[in-house]
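*Asks:* In case you want the letters, here they are:
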Amino acid sequence: MALDNATVQQKVAEKFGEAVKDFTEPYDMLTFEVDRDKAIELMQFLRDDDILRFNFLTTMCGIHFPDNEVERQFAVMYQMHNWLDNTRVRFKAFLNGENPEVESATRLFNSANWMEREAFDFYGIIFKGHPDLKRILNMDEMVSFPMRKEFPLEDQGRTDKDDRYFGRFPANSAEVGSVTPGGNR
Amino acid sequence: MAEIIGNNQKVELQPSEQGYNGPGFQLTSLDKIVGLARSKSLWPLPFATSCCGIEFMATMGANYDLARFGSERPSFSPRQADMLLVMGTIAKKMGPVLRQVYEQMAEPRWVIAVGACACSGGVFDTYSVLQGIDKIIPVDVYVPGCPPRPEQILDGVMKLQELVQNEQYSRRESPEYKALLASYGINVN
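For the record, the sequence lines run as chains A and B. Position one of the first sequence corresponds to residue 1 (our numbering), numbered consecutively onward. Position one of the second sequence corresponds to residue 1 (our numbering), numbered consecutively onward.
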């Protein structure tokens, strides 16, 4: 008998009570929010419970919400998959904007190692207990966390590209003529 | 006057391009003869990271046949190569690798930047992509295009041949050249 979303929701809510909330089912995939302190405990429960059996960490990533209140400016999203019943689940934990920290999932899934390094690389999220938390995709010398929205997408070192020819104008300026030729932004 | 060989009346020996020549001898300057020799045997080192590399494969193939220009042997070791062809987007993380490849090439060495990405970063105006390889190594010929056709790459190689032919023999020892390398922070041996 396949595992259905209602069972998962009921078991998770029973075990974690107030720590889990906002259950929805976009595209039939059970999605909910968990307190950041309980995220890894929840993951372990999902993996080890005899009925839930979410044995595979499909993916995880960081998310940035700069407009939220400080307590909810970052999030980590996890997706897990039960191979035996072919059921999936997604949950996110919101993190503090000034001190984005969450426990590492590496003790449960080795596959979390590189994914957490990626989330650290792009968002600066600190995974406590990660064995080797360093940049993975960007160059080591980089000082920014480029997927945070305060960092501009464009390379700031360019000298030969004039914004006017790329349809970009500096903020608060609609006047094409006011752009300095060769100016960056 | 070239002597006619055998029975084929149509064959003529190729007259020398430069200098002064007659039956059995040729006078020219060292610069020119060295330039001639170098330009007709540029061993390419393809450094292909994306779609421009595919165009280069066509250029090396039978239809376009880069070998006609003396580049028969692609050298996958930088130490035996004369002409570095950088084809494709170079991420900043790849920058030090490209630079090391360049540093391993023996003098004289030339560089062709093939395609918009290698020339200027192309459409990848983003934090992770090098905005043109001339930020880290000196470039002799730029081939624009996204990607350029094999004809354009051949044209780039022929432009480089022109440069090589007219290069002063002593250029690589000159203070200007050393200053150029120094401006890139490349060690001069």
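Keep in mind that a hint or two might mislead.
To be verified - Residues from chain B shown here face chain A by an in silico Cβ test under 8 Å; the list is partial:
(1) K92
(2) V129
(3) Q168
(4) S170
(5) E173
Everything labelled a hint here was simulated from the structure, so no lab data went into it. This one's a predicted model, so the numbers in the text were calculated from it and none came from an experiment. Heads up, the beta-carbon is just placed ideally off N, CA and C, and yes, glycines get one too.
*Asks:* Would you mind marking each hint as holding or not holding in the structure?
*Replies:* Going down the list of hints, with the structure as the test:
1. K92: 5 Å, holds
2. V129: Constraint on B:V129 satisfied, holds at 7 Å.
3. Q168: 29 Å, violated
4. S170: B:S170 check fails; min Cβ-Cβ to chain A is 32 Å, beyond 8 Å.
5. E173: Nearest chain A Cβ about 31 Å off; hint violated.
Figure legend: structure checked against the earlier numbered hints; hints not met, in rising order: 3, 4, 5.
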